[in-house]
Structure formats: structure tokens, C-alpha cells
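Novice: Here are the chains, one letter per residue:
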Amino acid sequence: MTVQLPGSPHTSPVPALALRGLAKRFGGKIAVDGISLDVPAGSFYGVVGPNGAGKTTTLSMATGLLRPDFGTAYIHGVDVWAKPLEAKKLMGILPDGVRLFDRLTGEQLVTYAGLLRGMDRDVVAHRVGELMAALDLSGDAGTLVVDYSAGMTKKIALASALIHAPRLLVLDEPFESVDPVSAANIRGILDNYVGSGGTVIVSSHVMDLVQRMCDHVAVVAAGRVLAAGTVEEVCDGASLEDRFVQLVGGGNQAGGLEWLRTF
Amino acid sequence: MVAHLLSLKWRLLLNGFRRSPGQLVGIAIGGLYALGVVATLVGTLIALRWADPETAHTAVVLGGAAAILAWAVVPLMASAADMTLDPSRFTTSAIPMRQLLTGLALAGFIGVPGLSTMLVALLTAATWWRGVPAVLGALLGAVLGVLSCVVLSKVITTATASLAASRRFKDVSSIVVFVPLVLMGPIVAGVFRGVSGSTGYLPELARTVSWTPLGASWSLGGDLASGDVVAASLKALIAISTLLVLLAAWNALLKRALVTPPYSGGSRKRGGKLGLFGLLPATPTGAIAARALSYWIRDPRYAASLIVVPLLPVIFLFQSAQSGSYSMLVILGPMAAFVLAWSIAADVSYDNTAFALHLSTGVRGIHDRLGRALACLVFALPVVLVFAVGPFFLTGEWGWLPGVLGLSLGVLFTGLGLASIVSARYTSSVPLPGDSPFKKPPGNVAQTLAVQFGGMAVLFLLVLPELVLVIVQSVTGDPLWGWINLAIGTVLGVGLFVSGVRIGGRWLDRRGPELFAQLSVNR
Numbered sequence: 000m001t002v003q004l005p006g007s008p009h010t011s012p013v014p015a016l017a018l019r020g021l022a023k024r025f026g027g028k029i030a031v032d033g034i035s036l037d038v039p040a041g042s043f044y045g046v047v048g049p050n051g052a053g054k055t056t057t058l059s060m061a062t063g064l065l066r067p068d069f070g071t072a073y074i075h076g077v078d079v080w081a082k083p084l085e086a087k088k089l090m091g092i093l094p095d096g097v098r099l100f101d102r103l104t105g106e107q108l109v110t111y112a113g114l115l116r117g118m119d120r121d122v123v124a125h126r127v128g129e130l131m132a133a134l135d136l137s138g139d140a141g142t143l144v145v146d147y148s149a150g151m152t153k154k155i156a157l158a159s160a161l162i163h164a165p166r167l168l169v170l171d172e173p174f175e176s177v178d179p180v181s182a183a184n185i186r187g188i189l190d191n192y193v194g195s196g197g198t199v200i201v202s203s204h205v206m207d208l209v210q211r212m213c214d215h216v217a218v219v220a221a222g223r224v225l226a227a228g229t230v231e232e233v234c235d236g237a238s239l240e241d242r243f244v245q246l247v248g249g250g251n252q253a254g255g256l257e258w259l260r261t262f
Numbered sequence: 000m001v002a003h004l005l006s007l008k009w010r011l012l013l014n015g016f017r018r019s020p021g022q023l024v025g026i027a028i029g030g031l032y033a034l035g036v037v038a039t040l041v042g043t044l045i046a047l048r049w050a051d052p053e054t055a056h057t058a059v060v061l062g063g064a065a066a067i068l069a070w071a072v073v074p075l076m077a078s079a080a081d082m083t084l085d086p087s088r089f090t091t092s093a094i095p096m097r098q099l100l101t102g103l104a105l106a107g108f109i110g111v112p113g114l115s116t117m118l119v120a121l122l123t124a125a126t127w128w129r130g131v132p133a134v135l136g137a138l139l140g141a142v143l144g145v146l147s148c149v150v151l152s153k154v155i156t157t158a159t160a161s162l163a164a165s166r167r168f169k170d171v172s173s174i175v176v177f178v179p180l181v182l183m184g185p186i187v188a189g190v191f192r193g194v195s196g197s198t199g200y201l202p203e204l205a206r207t208v209s210w211t212p213l214g215a216s217w218s219l220g221g222d223l224a225s226g227d228v229v230a231a232s233l234k235a236l237i238a239i240s241t242l243l244v245l246l247a248a249w250n251a252l253l254k255r256a257l258v259t260p261p262y263s264g265g266s267r268k269r270g271g272k273l274g275l276f277g278l279l280p281a282t283p284t285g286a287i288a289a290r291a292l293s294y295w296i297r298d299p300r301y302a303a304s305l306i307v308v309p310l311l312p313v314i315f316l317f318q319s320a321q322s323g324s325y326s327m328l329v330i331l332g333p334m335a336a337f338v339l340a341w342s343i344a345a346d347v348s349y350d351n352t353a354f355a356l357h358l359s360t361g362v363r364g365i366h367d368r369l370g371r372a373l374a375c376l377v378f379a380l381p382v383v384l385v386f387a388v389g390p391f392f393l394t395g396e397w398g399w400l401p402g403v404l405g406l407s408l409g410v411l412f413t414g415l416g417l418a419s420i421v422s423a424r425y426t427s428s429v430p431l432p433g434d435s436p437f438k439k440p441p442g443n444v445a446q447t448l449a450v451q452f453g454g455m456a457v458l459f460l461l462v463l464p465e466l467v468l469v470i471v472q473s474v475t476g477d478p479l480w481g482w483i484n485l486a487i488g489t490v491l492g493v494g495l496f497v498s499g500v501r502i503g504g505r506w507l508d509r510r511g512p513e514l515f516a517q518l519s520v521n522r
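Residue numbers (numbering that gives the first Met the number 0), protein chains in the order written: chain H, 0 to 262; chain F, 0 to 522.
Pulled out of the complex, with its shape left as it was, chain H reads as follows:
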């Protein structure tokens, strides 16, 4: 607990996302082992961890896609699991490894996402046009999503998450298979969004990206939070990658595989 001193810069007291003791078990395997985390409003928050650390499971539980065994999540103070419809209005989600309704055209898909949220047709039409232009998808707006490349598919899913101007964006692996130009483009959009008061959570295992892009970071491994805070606090002078390896441990010795050098 930190005490808010009078006169100190006052950040919003209610975190954009608060996880409280989230836990999930799949069969005999504990995927998430009691995660508690505060994501301050207006922050650009990175969640990093090795494969199978429980990042996707945690984010799914935080966004209402997967019911936790224990604990809950609050979006701007609204309990996701007690008032799901209210909480879902506040956030936009880009889940990883999930299909899209890919027999719609790109523009139909984003329109669909808008209308599902009960938005007005004209507002949706206007925003879809701007989103497609901002994400450089205007030339393919009428193409079926099933014919999109992997990177374009990510971008159209991102557009679907942005259409209702949420206060919190939860993006699971948003830069996977996105080309560098589009990635820079997306980062620009996200920076603007955070600049105007929105909150972004991204999960990734690209450390460089997280260190450059985010102001906060949490390191997750084996279903637990190993470190969390501002990037400076967590890195403690080192690079995020070094700090990460140090925290997570392991790091196989480069021995073995001698035959790979024999050709």
C-alpha cells in the first residue's frame, strides 16, 4: 500500500484493471496460481512471460472469456464476473489464438463488432472508414477476412476491439506476424490512445518491444507475478531481457546439439 501524500501528483485512485487472487486449474495443471495486479489508469502496461506462463489464461479471466476458479477482476472498479455486461462495455479485447467470423469482409466484420455493442449505424460507418484508413486496410475493406494475411487478420481484429472507443484495451500478442511498418503504425495509434487517457495492456514475449513501448511491466512465470511496476523499477538498471532471464531463471546452456555443426 502506498500512501498518497498531499500535494503529490494525483493519479486516478481506481485502477483501470485490478486483478485479485485470480487462479485457474486445467485438469491437474495449475495454469494461474493466484495473480493480483493493479494496472493504473492511463498506463501502457506490458505483460511478459515465457511460453505457457499463463499470460493468455490470465488475460482471458480478466476480460470475461474464461471463468476463474478463484478471484476476480475489476475494470475501473466494475467486477467483471459480477456485472459482466457493464464491464465489457469499458474494454476492447484482442484475444490470441481465436478465430474471427472470417467469411465476412473486413469492413463487415468491424461493422458487426460495432453493431453488436448496440452502436448507431452512422457512427459505426464513420468509425469503420477511419479505422480501415488508419490501419492501412482501406484497399482490402471489401475482401473476405479468410483471404487476409496473418498480419492483416491481427489488424482487423484490433479494429474490431477499438470500434466502441473503450477506456481499456487488452491486447494479447498484438504484434505477432505483423510487419514492421504496420507495427509502427499500430504503436502510433496506441501511443495516441494512451496520451488521451486510455489504458493499454499488451502481452508479448518480445522484450525489446515492451521495454521501448510500455511504461509499466509485469513479469509472469508459472502462473505467478515475479515482478511488477514501472519499467524502471522492474529493470533496475539492466535491460528488460537480462532482468527477465534473471527472474525467470533457466536459460539452457548452449551445450549439446553438436551434430548441428557437422552438416
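Worth flagging that the hints you see were computed from the coordinates, not collected in a lab. Careful: at least some of the hints might be erroneous.
[To be verified] Derived list of chain H stretches under chain F, where covered just means 3 residues or more per stretch with a C-beta under 8 angstroms from a C-beta of chain F:
id : stretch
1  : 59-67
2  : 87-97
3  : 132-142
4  : 190-202
[To be verified] Selected chain H positions facing chain F (in silico; Cβ < 10 angstroms):
id : residue
5  : D78
6  : W80
7  : L84
8  : L115
9  : G117
10 : M118
11 : A124
12 : V145
Ideal placement from N, C-alpha and C gives every residue a C-beta, glycine not left out.
Chain F: place on chain H using the hints.
Specialist: Showing chain F alone in chain H's frame:
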């Protein structure tokens, strides 16, 4: 390498058992059934040993030809194309073509149909146990014939799989291509019925068929038994060249399948056309209906489940024309109502994990249910009305119209309501998005069967009032009961529809994440 492919197929078969007890039960039932059929056929073949050569020859040749036809048609019709050794999975393994062909062909024998066919074919030697040349001829013929069966079925599945895998083709033509295949049943049945009406014609037919690729190999034993060496050698030539041609065709198709990944991009299209999303009301329900209707048009998996609807009248007309009475046609309406209403019972399973969008946008369950049901109703209602009224122009028994109409509407609305509940609670294993509608779906077959048949049983109970009224009308002959049925069917049906949508919606609200977790298992 050939041995590797064989053991791989064997291993896949065994692991299939391990995955779910449901599949084990399925294969046990299938196995028992096959055992019965095989025992009967073997008994017949042995009994034919003492029949006169003409009859034996006719039976063996026609039976063999039917087997080859069945191997060609059944995998497509029963949507059971065996894709466990899908050739496209070997793309990166660099297996020499000749070994791949041999391995896949031999692997085709592992499984109930392959083993049964081989066993029965080899036992034609018992029928021709009338001399050494006849037995040798029968054995050679059996080997050639069974190989032709397997290779022909491979040719057909490979051809249609690579066709059906190219998305553009699939979207346009999945209906057109498979129509004749679906109709093959009544056509074949009709031909057989015509033939069995005049048995004297059969030996002649067998003699003709024995000169075609279908019957040549099966004729070897009979020809040698009657000492016709010239005919036998010519037919052996026909059988061998048939097999070679089939192998060449398979080789060519497989080569193409291996270098043509199942992807075909379309051209870039600028936006501006929202289609149905611009027409239907801009509400969650309207958007879901627009999405569902777009899928009924664009997704071949939905199209495949609708194929049977336009073909129902054809099949029934065909049967009526044979029996000479058109009164059977009146069940077209209720039947079409059932097929159409039940087609959305696995709607959420068809979405697969794309359902995450509904979950994350916080759509209310009732909007989800209503949108999907209304989309189906948009085309189902006109179709059912036409199918219910149409037959009376042929039968002229207009007194039955109100009753049949009541039953049809009752089945349609009740079915849609029940399907809305079923798909909100239970998942079925269906082909994955983008897969061929004829590919064997992953997942728990036993649960799918339980859900589907359990649902149908409940539906039967729910439409009992309408059914009873139809029976009452046929017993009393009083058309008043028909009008009562029309009223009851409509009111009860719509009532059950509304409650189905409500209950399904409430379940969806409460169990959305659990349903999504079930969907994530099959992806």
C-alpha cells in the same frame, strides 16, 4: 517407408479408440454390423459353389460391380471420406511418390470396410472351386478388383478434396457438385428395382458389365470355369489397364494436391458494400441475423446442410412415381420444417472460437438466440409453406391442407425454439471453419450423437399434440380437426419458439464462458 505409413495408419486407428470411449462403441457397432454382412456374403458365395455357372457368374459380377460403385460413392455420400492419412500432411516429408502411393493404397485396407471387402472378394475363390484355373482366376480377379475399389475411392476423394479445398470453388459450387451424388441413392435404387423386376434380364446385364471396368476383374473366375480362356485374358487385360489408369489418375491428382496448398486468395476489393448489414436493423439482433444469413450464403458447411432440402421433393416424387400414389408427398412440409429448424442446433459449434466476439462485446443471450433463429426463419418459412401446400396440387386432397400446415408450422417453430436451447448449452463436433464440409470433424462423436438424437426425441415429444391431431383427423375423417391443428400448431409452436429463445438466451448469459471453453477444445 510403406511399412511406416501402414503402422502410422494403424497407430492412428488405435489412438482414435484411446481418445474417446464413444468412438470405441461406434467402431464396435460398425464392426458387428460389418461382421454380419460379411458372414452373409461369405455364406452366399460358398453356397453358390453348387449353383449353375450362369447364376454364380451373374451374382459375382454384379455384386463386385456394386462394390466398386459403393467404394466410389459411399465416402462422399456418407461424408465419411477417410482423411486420417490426408496426403497434404505429407507435403513436407519428401516421401518418394511411388512409396507414398503404395503406402496410402495399402493403408486403405486397414479399417472395417477395407478388410471386409478383401475377405469377401477373396472368397469368390470358393464359388469357383471347380478347377485350378478357375480358382486362380478368381483370386487374381479378387486382388485386381479390391485394389480398384481402394484406388478408385482414393482418386475420387483426392479429386474432390483438392477441389473442395480451394475456397472460391467451394463457395460457388459445393451445392452443384454434390447434388448428383446425393441423388445417386434414389437413382441406383430405381435401377435396381427395375432390374429385379425382370430377373431374366440379369445374366445379360452381367455379361455386358463383365466387359466394362466395373465387372471385368470379377468375371475372371467364371470365364475360366466355363473354359473361355480368350474372354478371360481379354477381361484380365481390361481389369489391369483399369487399375493402371486409376493409379495414373491418382498419381497425377496427388502430385497436384501435394504442391497446391489449400489456399487460394481472392483479389483485393475496396469496401463500401455492407451487404445485409446495411439492410437489416442496426441492432444487435439485426446484426446477428445479417451475419448468420451471410454465413448461410457464404459458408459451404451451412450450404452442405441445406443441400438435402431442395432434393427432398425430387426424392419423394421419384418414389411416388414408382408406387403410383402421391399421398406420401404430404410429409414434405413437416420434413423440410424439421431439417431447416434443426439446422441451427449446432450453430454455435459452427462459429467455433469466433464466438469470442459475441462474448467479449457483451451481447445479451436473447439477442444472440433471436438473431440466429430469425435468420433461419427468413428462408425457412417460405420454403416450408411452399413444401406444405405444393403437394396438394398433385393429390387434390385439400381437406388435409390445414392439418398438414399446422403440423409443418408447429415443427418449424418448435424446432427453432428447441434448437436455440440446444446450441446454447451443448456443443456438437462439426467440420472446422474453412474445412471441407465432408471432412470428418474432430471431437467427441458420442456426445454429438447424444445431443442430436436426444434433442430430436424431445422435439418429437413437443410436437406430439400436432401429430395426435393428424391421427385423429385420419381416423374420424373430419376436416375440422385439421383447422384445430392449424390453430394449435401455430399458437403452440410460436409459444415454444419464444420460450426456447428466452431460455436459451438466459443459459447463454449465465454459461457463456463455459460454452466458449467447450468450443475451444475443438479448434
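Novice: Would you mind marking each hint as holding or not holding in the structure?
Specialist: Against the structure, the hints:
no., hint, result
1, 59-67, "holds (count 5)"
2, 87-97, "holds (count 6)"
3, 132-142, "holds (count 6)"
4, 190-202, "violated (count 0)"
5, D78, "14 angstroms, violated"
6, W80, "9 angstroms, holds"
7, L84, "5 angstroms, holds"
8, L115, "4 angstroms, holds"
9, G117, "6 angstroms, holds"
10, M118, "8 angstroms, holds"
11, A124, "8 angstroms, holds"
12, V145, "6 angstroms, holds"
Hints 4 and 5 from the list above are not met by this structure, while the remaining hints are.
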